[in-house]
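With chain A held as given, fit chain B onto it using these hints.
2 protein chains.
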Amino acid sequence: MSIPVTVVGIGKIARDQHLPAIAGNPDFHLAAAVSRHGTVEGVPNFTDFDRFLAEGPAGPVALCTPPSVRLEMALKTIAAGRDLLIEKPPAATLGEIETISAAARDAGVVLFATWHSRFAPAVAPARAWIAERKVERVTITWKEDVRRWHPGQAWIWQPGGFGVFDPGINALSILTEILPGAIHVGAATLEVPQNCATPIAAQLAMTARGTVPVAAAFDWRHEGVQTWDIEVEASGQRLTLGMGGAQMAIDGTPVDLPAEAEYPEIYRHFARLVAARESDADFAPLRLCADAFLVGRQVAVAPFTE
Amino acid sequence: MSIPVTVVGIGKIARDQHLPAIAGNPDFHLAAAVSRHGTVEGVPNFTDFDRFLAEGPAGPVALCTPPSVRLEMALKTIAAGRDLLIEKPPAATLGEIETISAAARDAGVVLFATWHSRFAPAVAPARAWIAERKVERVTITWKEDVRRWHPGQAWIWQPGGFGVFDPGINALSILTEILPGAIHVGAATLEVPQNCATPIAAQLAMTARGTVPVAAAFDWRHEGVQTWDIEVEASGQRLTLGMGGAQMAIDGTPVDLPAEAEYPEIYRHFARLVAARESDADFAPLRLCADAFLVGRQVAVAPFTE
Chain A
1 MSIPVTVVGI GKIARDQHLP AIAGNPDFHL AAAVSRHGTV EGVPNFTDFD
51 RFLAEGPAGP VALCTPPSVR LEMALKTIAA GRDLLIEKPP AATLGEIETI
101 SAAARDAGVV LFATWHSRFA PAVAPARAWI AERKVERVTI TWKEDVRRWH
151 PGQAWIWQPG GFGVFDPGIN ALSILTEILP GAIHVGAATL EVPQNCATPI
201 AAQLAMTARG TVPVAAAFDW RHEGVQTWDI EVEASGQRLT LGMGGAQMAI
251 DGTPVDLPAE AEYPEIYRHF ARLVAARESD ADFAPLRLCA DAFLVGRQVA
301 VAPFTE
Chain B
1 MSIPVTVVGI GKIARDQHLP AIAGNPDFHL AAAVSRHGTV EGVPNFTDFD
51 RFLAEGPAGP VALCTPPSVR LEMALKTIAA GRDLLIEKPP AATLGEIETI
101 SAAARDAGVV LFATWHSRFA PAVAPARAWI AERKVERVTI TWKEDVRRWH
151 PGQAWIWQPG GFGVFDPGIN ALSILTEILP GAIHVGAATL EVPQNCATPI
201 AAQLAMTARG TVPVAAAFDW RHEGVQTWDI EVEASGQRLT LGMGGAQMAI
251 DGTPVDLPAE AEYPEIYRHF ARLVAARESD ADFAPLRLCA DAFLVGRQVA
301 VAPFTE
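Going down the list, the sequences are from chains A and B. Residue numbers for the first sequence follow the numbering used here, beginning at 1 and rising by one. Residue numbers for the second sequence follow the numbering used here, beginning at 1 and rising by one.
Chain A on its own, in the form it takes in the complex:
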């Protein structure tokens, strides 16, 4: 029987990804939509979350609201005994996601804190390739045009909005998936526009497995070819993940991969978790972000205007 799922927060990510992924997955059907502004045709729409929980259709909730309002909605969902899928980043702070995770555990509710980039087609092959080699160096280059990917999203520039770490955490979610084990932030520079509270660019110097240097450069001011690359040097070879994990090459030779299907894979995984009554909530990418802010030096750069 198909699972009724309600999407909360009908913004860009819900329309671009969640609704099509649900429509394409026979294990789910859209039961309702909750949003202050957006509506979805063909299902009941609610503007008030409490009213949806009380009167709306049963079933899991997919939370696609900005992280700043994640905590309260997540706890209410869990208190209602509903399973929960959360867009990334899973919450505004580590304290919040630990509270959400503990509440889900106590309530016996399934929590899936998604990291969509982990479902990119190159990630599993890269992890397998790395597992058999000695990693020498990792270089992350994550450079995109914020005006193109986040039009009108004022919250990303507010305190707690993550700034360039909103895409950067995708790279960190791949990094922590393909390179298991502890990764530490040693130093970071965060470039914050004079009229914003969050960084528009960042450089991180990390260490994996005690001694492996991991350098990351995030930049939201990049108007040319959009670049989401991770390069891994290991045992004398060079693995390259391109386009956020949609492409992969070894020593420059492309590897055949299936087509990108991150959100369809997310909902397939969610169906498995719900069936098995298991949670999947890894905070490592968020912890790397918080540690980068903790040890980072913030420098003021030119104001940003959209």
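Keep in mind the hints are simulated off the structure, nothing from the lab. A portion of the hints provided could be inaccurate.
Heads up, incomplete: computed chain B residues facing chain A, CB under 7 Å, no partners named [claimed, not checked]: (1) Asp48; (2) Leu94; (3) Ala182; (4) Val185; (5) Leu294.
Heads up, the beta-carbon is just placed ideally off N, CA and C, and yes, glycines get one too.
What follows is chain B alone, placed relative to chain A:
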């Protein structure tokens, strides 16, 4: 039999607190000292940590070095099978302390991540008082003169040096001890001198138990009466912890307390942990710091000169 303990990092906190506490505790005796600059009379002194581990006397290590070099020394201590006491903050990042904690667990070594303020005489009575009441509001005022308490400690102004969170984390360690349960940072302002990388003052807006407002003001520019106060309004009464937990009053009436003995209590607790083969490593205060940096808005303030 008295336990031989070696103090690593012979700076202000080691001389002011650790050495006297060890000297006054019959369960311990100082076995050696490790420091690049400082020496202690009457025991073997080492300038090289690896050499101490290989050739020095056996027994636990008390790490009093700045947090930026904590990770490597902690892991070496654990790999040598030695029990470990760590000054606060326990490491430079959450990732580091999680790695240290996991290594200690795997090695069966006792890890005591100390928060000295939790051993202030008012803390246990305050926790008991709060446990029987409904908390309505908490106000933390932590204002001291950095020139008086941290003379010449340049590392506090470097990235990862915590700035005013170095004393502020003491308040957070008391807060998380007297008010069990989740505490979330909702917003923070971090005032960073133009010539420094870390804040000289900070204001935090937190929430405890879902709805209880917890306000904290940290300031290192305070030259008058030094103030380390926590005020708890609960069930219509007002509990005040003064002098970092050395004093306590209820509705203005002082409560009799034993004399302050934080570090003696730390070593008494460490002796119990070593005897029971138990660790005590709570990261909640460090997580609150990291979350404050993650959601905090940094504002530039006047340069600091010592």
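Verification of the supplied hints:
{"no.": "1", "hint": "Asp48", "result": "20 Å, violated"}
{"no.": "2", "hint": "Leu94", "result": "5 Å, holds"}
{"no.": "3", "hint": "Ala182", "result": "4 Å, holds"}
{"no.": "4", "hint": "Val185", "result": "6 Å, holds"}
{"no.": "5", "hint": "Leu294", "result": "5 Å, holds"}
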